[in-house]
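Chains as they are written, first to last, in the working numbering: chain A, 525 to 959; chain B, 525 to 959; chain C, 525 to 959; chain D, 525 to 959.
If you are wondering where the hints come from, they were derived from the structure by calculation, not from laboratory data. Treat the hints loosely; a few may be bogus.
Since the list can't tell identical chains apart, any single copy or any two copies may satisfy a pair.
Quick list of in silico lysine to any residue cross-link-like pairs, SDA-like style, CA-CA up to 25 Å [to be verified]: (1) 728 x 860; (2) 946 x 956; (3) 594 x 692; (4) 594 x 852; (5) 946 x 864; (6) 921 x 872; (7) 870 x 914; (8) 594 x 917.
Number of protein chains: 4
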Amino acid sequence: MIPRYSRPEMTAIWSPEAKFRIWFEIEAHATSALAELGVVPKEAAAIVWDKGSKAVFDVARIDEIEREVKHDVIAFLTHLAEIVGPEARFVHQGMTSSDVLDTCFNVQLVRATDLLLADMDALLAAIRRRAFEHKMTPTIGRSHGIHAEPVTFGLKLAQAYAEFDRCRERLVNARREIATCAISGAVGTFANIDPRVEEYVAEKLGLAVEPVSTQVIPRDRHAMYFATLGVVASSIERLATEVRHLQRSEVYEAEEFFSEGQKGSSAMPHKRNPVLTENLTGLARMVRAYAMPAMENVALWHERDISHSSVERMIGPDATVTLDFALARLTGVVDKLLIYPENMQKNLDRLGGLVHSQRVLLALTQKGVSREDAYRLVQRNAMPVWRGEGDFLSLLKADPEVNKHLSDAELEEKFDLGYHLKHVDTIFRRVFGEA
Amino acid sequence: MIPRYSRPEMTAIWSPEAKFRIWFEIEAHATSALAELGVVPKEAAAIVWDKGSKAVFDVARIDEIEREVKHDVIAFLTHLAEIVGPEARFVHQGMTSSDVLDTCFNVQLVRATDLLLADMDALLAAIRRRAFEHKMTPTIGRSHGIHAEPVTFGLKLAQAYAEFDRCRERLVNARREIATCAISGAVGTFANIDPRVEEYVAEKLGLAVEPVSTQVIPRDRHAMYFATLGVVASSIERLATEVRHLQRSEVYEAEEFFSEGQKGSSAMPHKRNPVLTENLTGLARMVRAYAMPAMENVALWHERDISHSSVERMIGPDATVTLDFALARLTGVVDKLLIYPENMQKNLDRLGGLVHSQRVLLALTQKGVSREDAYRLVQRNAMPVWRGEGDFLSLLKADPEVNKHLSDAELEEKFDLGYHLKHVDTIFRRVFGEA
Amino acid sequence: MIPRYSRPEMTAIWSPEAKFRIWFEIEAHATSALAELGVVPKEAAAIVWDKGSKAVFDVARIDEIEREVKHDVIAFLTHLAEIVGPEARFVHQGMTSSDVLDTCFNVQLVRATDLLLADMDALLAAIRRRAFEHKMTPTIGRSHGIHAEPVTFGLKLAQAYAEFDRCRERLVNARREIATCAISGAVGTFANIDPRVEEYVAEKLGLAVEPVSTQVIPRDRHAMYFATLGVVASSIERLATEVRHLQRSEVYEAEEFFSEGQKGSSAMPHKRNPVLTENLTGLARMVRAYAMPAMENVALWHERDISHSSVERMIGPDATVTLDFALARLTGVVDKLLIYPENMQKNLDRLGGLVHSQRVLLALTQKGVSREDAYRLVQRNAMPVWRGEGDFLSLLKADPEVNKHLSDAELEEKFDLGYHLKHVDTIFRRVFGEA
Amino acid sequence: MIPRYSRPEMTAIWSPEAKFRIWFEIEAHATSALAELGVVPKEAAAIVWDKGSKAVFDVARIDEIEREVKHDVIAFLTHLAEIVGPEARFVHQGMTSSDVLDTCFNVQLVRATDLLLADMDALLAAIRRRAFEHKMTPTIGRSHGIHAEPVTFGLKLAQAYAEFDRCRERLVNARREIATCAISGAVGTFANIDPRVEEYVAEKLGLAVEPVSTQVIPRDRHAMYFATLGVVASSIERLATEVRHLQRSEVYEAEEFFSEGQKGSSAMPHKRNPVLTENLTGLARMVRAYAMPAMENVALWHERDISHSSVERMIGPDATVTLDFALARLTGVVDKLLIYPENMQKNLDRLGGLVHSQRVLLALTQKGVSREDAYRLVQRNAMPVWRGEGDFLSLLKADPEVNKHLSDAELEEKFDLGYHLKHVDTIFRRVFGEA
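With these hints in hand, go ahead and build the complete structure from the sequences.
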């Protein structure tokens with residue numbers, strides 16, 4: 525996570541200020557719950573809420589205390605006591621640091637995911653708009669980078685929409701994975717704290733109760749969370765790669781928006797480079813990489829060790845901030861993408877009709893030619909076209925073995941573009957619910 | 525995937541024989557659908573089913589053809605034509621190889637997941653049985669590898685149960701991710717094949733229709749699938765690591781079953797090593813590693829490239845076979861685990877009562893001592909015990925500052941083990957639905 | 525590692541037969557050393573060598589024994605005793621299984637690396653040949669997929685040569701990392717075996733002595749080894765990606781060799797796809813993935829645990845066999861690559877001279893125009909060309925502000941291709957030692 | 525990279541100030557070279573050096589310009605022109621941004637590596653000191669976490685020393701990999717800049733010339749670099765894991781230094797946790813993870829794309845800062861490690877003499893008992909000891925079949941600790957060059 529690839533709303537979630545505020549809320553809710561259970565005085569809880577809500581926690585002061593006690597939660601509680609006064613002794617009763625830390629981390633991840641979901645909605649809206657705009661814009665479909673058969677540019681975007689729609693659902697699942705709360709004490713036995721405190725705090729924070737925690741919330745949840753972000757990032761890479769390909773000089777069917785004043789290259793003034801999508805490709809590599817340490821974090825020793833902590837201090841912000849930035853950047857790219865239908869048509873025509881080879885193949889088999897023979901007939905007329913030696917339709921017409929089965933008119937009918945686009949509506953209805 | 529870490533039922537899913545059988549079913553179902561739509565003669569479909577169902581596909585023959593045509597599906601279709609005769613020309617009409625390959629791969633993954641789910645059920649059953657068996661067996665809870673406070677061995681297993689129950693649900697989600705079928709032709713436009721063929725085949729194979737495919741089924745699905753296996757593997761590593769710790773010479777609270785005739789070490793006849801769980805730790809690393817190339821597979825070029833294929837030929841079998849083996853091995857470990865409650869008790873007693881330090885701390889604060897003072901009082905009596913210089917209870921009793929607030933009887937009450945176990949039933953009910 | 529992506533010579537290194545033969549050699553050399561030290565009778569060592577050298581080790585028999593004793597080295601030694609007779613009791617004296625296993629694994633890795641080095645030499649030779657063949661074949665250099673300035677096809681290959689030459693050196697370093705031998709007993713103290721035995725065996729096997737082993741050879745060596753293979757694989761991916769780009773329909777500057785009888789697509793007979801290099805891209809992902817578990821293997825517990833073993837049983841063969849196959853496949857691709865200089869020229873001309881924009885920029889600054897102004901002048905003439913609205917040279921000539929500084933003749937001189945190629949020889953000399 | 529896990533000297537290398545200073549030096553050296561070649565006026569170069577050396581580059585101002593031109597090097601050059609005045613037009617002549625960026629990145633990596641090497645030297649010194657201090661402190665060697673045979677604590681550290689010594693050499697290699705300079709222009713052809721400029725700048729900066737660059741320095745170098753850091757991190761994890769094991773309550777043979785005022789747990793005042801080494805375990809996961817995107821960066825498109833850049837903006841600082849911190853932290857841990865020889869002795873005695881089982885086994889075979897029989901004899905006496913039912917030596921003496929071959933005196937001799945330590949000096953000499 526670096527400023528260049530960060531957006532303020534997501535970064536704020538990971539600020540010390542936000543963290544201490546969440547810590548306070550967890551502690552204060554727990555104190556309220558204890559007050560309701562009669563364990564601590566109700567007035568104490570009221571004072572904690574009152575003074576804590578008004579206070580601005582002094583990050584520098586907390587850091588100073590931590591340098592002495594070498595324990596962040598104790599440092600915070602010490603500072604809280606400075607603010608709240610003697611009633612502070614009713615705070616954190618029967619709790620352990622991880623009750624605060626783990627629940628806070630999950631609150632942060634939940635909030636982060638809510639931003640990611642909003643990002644995703646914006647991205648989906650942008651893709652949908654451009655997909656309908658170019659629903660029937662013909663373009664060549666390519667497999668292996670080689671021209672295959674016609675598709676539409678809208679179909680390309682429909683694919684992307686369906687993919688990110690799945691990613692959205694995955695994010696929803698991932699959010700559920702980590703939306704839990706644990707207030708279960710030193711080794712998760714509730715020895716010193718009533719399980720109803722956990723239920724109370726969980727409800728107040730909009731979290732589920734962690735069924736069994738062991739000082740820590742189990743890290744398989746977080747592994748699943750960060751692995752999901754890695755998959756979302758990979759889908760970003762896919763669409764980014766598509767744009768990079770489309771912007772290639774030789775293809776030039778689409779282009780990232782290029783603002784006035786922007787310079788593509790310090791040395792070559794003519795350059796307009798797909799730098800945003802190349803950037804997204806790199807960012808995707810990063811988000812993906814963070815899945816690995818998250819998985820290694822699962823196997824904590826016994827009831828817990830703290831090896832996961834340094835990892836999460838990094839990948840918590842790094843993965844969510846980077847993915848948030850990437851989703852927003854991709855949304856901008858899609859939204860403002862310059863699309864060149866005339867170049868798409870030019871490329872469609874480039875192979876001299878070869879993209880219709882399959883239709884000819886099928887027509888021959890339907891006339892009773894064996895598949896093997898039909899394949900051979902088509903291939904022998906395709907190869908000269910490939911080498912730039914002629915036009916596919918003319919060659920086919922001139923091939924007596926082909927002509928024996930297919931008349932000129934029948935052959936010409938096989939070169940109709942509309943044939944390929946007749947089910948675009950079907951696919952759009954599947955993906956968007958309408959066409 | 526190597527024989528040593530493979531089980532036959534899972535391996536069989538990935539055999540050429542199984543693959544060609546699925547290919548046949550996809551092709552034959554598609555031919556039936558075409559026959560229903562009147563595109564090909566119904567008798568042709570009947571003959572395909574009849575001859576294909578009776579035939580044993582000759583893997584060596586198919587390989588031989590492939591060596592010539594360098595294309596596996598064409599090789600299969602050529603062989604199928606040898607079996608079916610002239611009606612074979614109605615097979616694969618309007619389809620592309622990937623319709624067969626991708627749908628087949630998903631069928632294989634679905635079947636593999638069904639085995640994994642059965643494995644998981646067996647594992648959950650074993651953990652549950654041992655958890656209830658040791659629901660109230662006291663043992664020391666450890667954070668950072670250091671004795672913390674008492675838990676029960678059943679609680680440890682309840683945690684594992686809850687974790688693998690989540691893994692089960694993740695596998696169900698992962699199965700849904702990849703349970704799709706695509707029969708959409710060369711670039712996914714259904715140019716040469718009616719979308720109803722896809723619907724027909726999908727239904728027959730128990731799959732969902734892929735809303736938009738582009739010759740290939742999008743690989744974000746598979747990325748999510750293999751990432752999920754990586755998370756499950758990480759949970760296996762966690763429980764395996766727990767057993768390894770428990771079997772350490774100094775801990776020795778549990779032990780992998782050691783059969784008669786087994787030799788722990790060629791050099792040291794006394795050794796009984798946790799080799800199964802160490803092995804599981806290594807296998808987990810492998811399954812986890814396969815998630816990374818699966819994620820890199822997502823960003824195929826344009827409508828598709830074939831870079832994913834070599835990856836999947838490896839990780840398809842490697843990840844599922846290894847995970848199947850690992851789950852079964854772990855089930856055996858749990859099922860037959862030798863558990864030593866008396867050693868757990870010995871370890872519980874090892875720290876001279878220090879594990880009760882928190883209760884004393886809380887009791888002091890409840891008597892009005894500030895948290896900071898209470899902490900200091902407890903710590904100064906704990907440190908000599910830690911160094912082996914005395915018994916915690918005696919030292920506390922002898923500390924006048926402590927004694928001022930807590931009588932001997934009050935102190936003794938704080939050393940009661942039952943205090944820690946009073947909510948075990950609550951947790952069991954959360955996890956197992958009963959206690 | 526699957527047969528489809530395997531070559532027999534490398535696979536043979538990992539066969540059980542090869543492994544048991546190496547085990548025998550280690551044991552027999554150690555027995556010889558013990559005989560020289562007078563610990564065991566010289567005749568015994570002679571008999572071991574004699575009978576063992578003649579014997580074919582029965583893999584099925586060893587497996588059968590292992591199923592009983594659950595220990596592979598003991599199983600082997602038992603089988604060896606069946607072959608050698610009573611003198612077998614002098615074998616493995618004071619050794620531990622890992623002395624055999626780890627030294628054997630390193631012998632296998634050394635042999636595998638020797639094959640990889642031979643592969644690399646063949647690849648380098650192929651690249652060199654093609655590089656000189658096309659040393660002066662002009663082609664457009666592309667940054668960001670956008671035409672930049674002219675290079676030659678030979679330069680592209682010179683870059684690949686330099687990169688694989690570095691990879692070769694890395695492999696040599698990696699080989700050195702794992703070319704060690706340990707015969708140090710149960711925990712590496714030589715308690716029961718003289719260090720001179722280790723020295724003897726190491727020398728016989730062409731290995732260095734492991735300075736300090738702890739039953740196992742430390743796994744940082746293997747981590748470095750497999751990480752290196754991952755880097756080599758990444759370089760393979762780079763060249764493979766280049767070929768895939770060059771073969772794109774719109775670029776079509778080079779093409780994988782396409783044999784007679786080969787079928788590019790079952791549906792589209794005209795297709796010629798870069799399937800080999802796409803395949804290499806996938807294989808690279810796999811080899812790279814194996815680096816991760818190799819790194820996780822380093823942190824074995826105390827003197828050793830066996831978690832690395834299952835990982836290495838997989839990645840030992842998987843990584844080396846796959847990389848060997850990939851290097852050989854890439855060599856074939858380079859060797860037979862179809863290269864189309866005329867298409868390169870066509871692409872060079874595509875941007876209407878824009879690729880010379882930098883020279884114009886520089887010329888303007890040399891005439892005293894500020895860099896900022898020069899940039900603006902060039903960019904404003906480049907943008908119309910980019911949009912297909914005119915020819916760069918004509919537009920520049922017609923721009924009075926440009927014309928003020930550069931005459932028509934001066935401008936024309938800036939469009940000379942030879943200008944860009946004047947240092948090709950310099951680079952070739954740096955890379956190949958000659959030009 | 526977060527402040528908590530950062531050290532100022534390493535962080536400073538990655539500051540914008542340091543970066544712009546290096547950019548300036550590269551540009552200014554290049555201008556000097558151009559002046560020597562007579563391409564630009566010598567006075568211009570002198571003015572650039574003079575004004576630039578005195579200037580403090582204004583990061584905020586550069587950022588402001590970059591927001592407009594969206595290009596960082598152009599922004600810098602614009603700012604430099606503000607400082608230098610009209611002579612600025614002689615700067616960057618014939619160069620491309622990447623000449624500056626890539627050479628700068630390598631300079632930063634070289635400086636970072638120099639810090640890492642200094643860290644490594646400090647770590648090696650600390651390990652060496654403690655190794656000699658405990659050269660002959662007996663402790664139990666453990667395989668699989670199970671007591672095996674005696675070693676010394678010094679031997680454990682000798683192993684660590686040898687491992688980090690290898691890591692040091694790997695860092696030296698990694699430094700060489702990335703210590704290159706490229707000043708080769710837009711696509712690496714030196715079209716607009718003389719190769720002698722590159723040679724001049726390289727020499728001034730203490731770098732090697734990159735033999736062939738293609739606008740960018742090839743990223744296989746960086747992949748190798750970051751992979752190497754990942755291996756070093758894995759070795760850190762190994763030693764950290766060792767300490768964590770040794771500090772376990774049941775083992776307690778060593779302990780991280782615990783300062784006055786430090787609190788192990790907010791809830792449990794008695795806790796002293798190995799938090800530093802747990803932290804190192806997590807940090808190792810991070811550094812390892814960064815190797816993966818570095819490897820994915822290798823396959824840039826054609827002469828270059830910029831996808832590597834976002835990755836490197838993150839992992840450049842993240843990997844080096846984290847590793848620097850980790851090495852320093854580990855050095856502190858080793859340096860101040862509390863070592864408890866008496867507890868080591870206690871643990872050595874724990875298994876009732878079982879650790880001598882191999883010697884008895886060997887003695888029996890030397891008396892003519894077959895290996896299989898000897899193994900059985902030893903194992904049958906070991907198992908009761910394992911179960912806590914008796915003392916190994918007594919049981920062996922009482923076993924008539926054992927007694928037939930080994931007298932009581934002979935048996936007793938097998939239980940001598942010194943036997944295991946006789947080659948410690950040999951190993952120390954191998955590792956440290958002295959004993």
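Against the structure, the hints come out as follows:
In this assembly of identical chains, the alpha carbons of residue 728 and residue 860 never lie at most 25 Å apart, being 42 Å within a copy and 43 Å across copies at closest. Within a single copy, residue 946 and residue 956 get their C-alpha atoms as close as 17 Å, which meets the 25 Å cut-off; across copies the closest is 54 Å, which misses it. Taking the closest pair of Cα atoms, residue 594 and residue 692 never come within 25 Å of each other, the shortest separation being 40 Å inside a single copy and 31 Å across copies. Taking the shortest Cα distances, residue 594 and residue 852 sit within 25 Å of each other only across copies (17 Å), while inside one copy they are farther apart (38 Å).
Taking the shortest Cα distances, residue 946 and residue 864 sit within 25 Å of each other inside one copy (22 Å), while across copies they are farther apart (38 Å). With identical chains, the CA atoms of residue 921 and residue 872 are at most 25 Å apart within one copy only, with a shortest distance of 21 Å there and 35 Å across copies. Taking the shortest Cα distances, residue 870 and residue 914 sit within 25 Å of each other both inside one copy (17 Å) and across copies (18 Å). For a Cα distance limit of 25 Å, the shortest separation of residue 594 from residue 917 qualifies neither inside one copy, at 79 Å, nor across copies, at 27 Å.
Comparing the model with each earlier hint shows violations of hints 1, 3 and 8; every other hint is respected.
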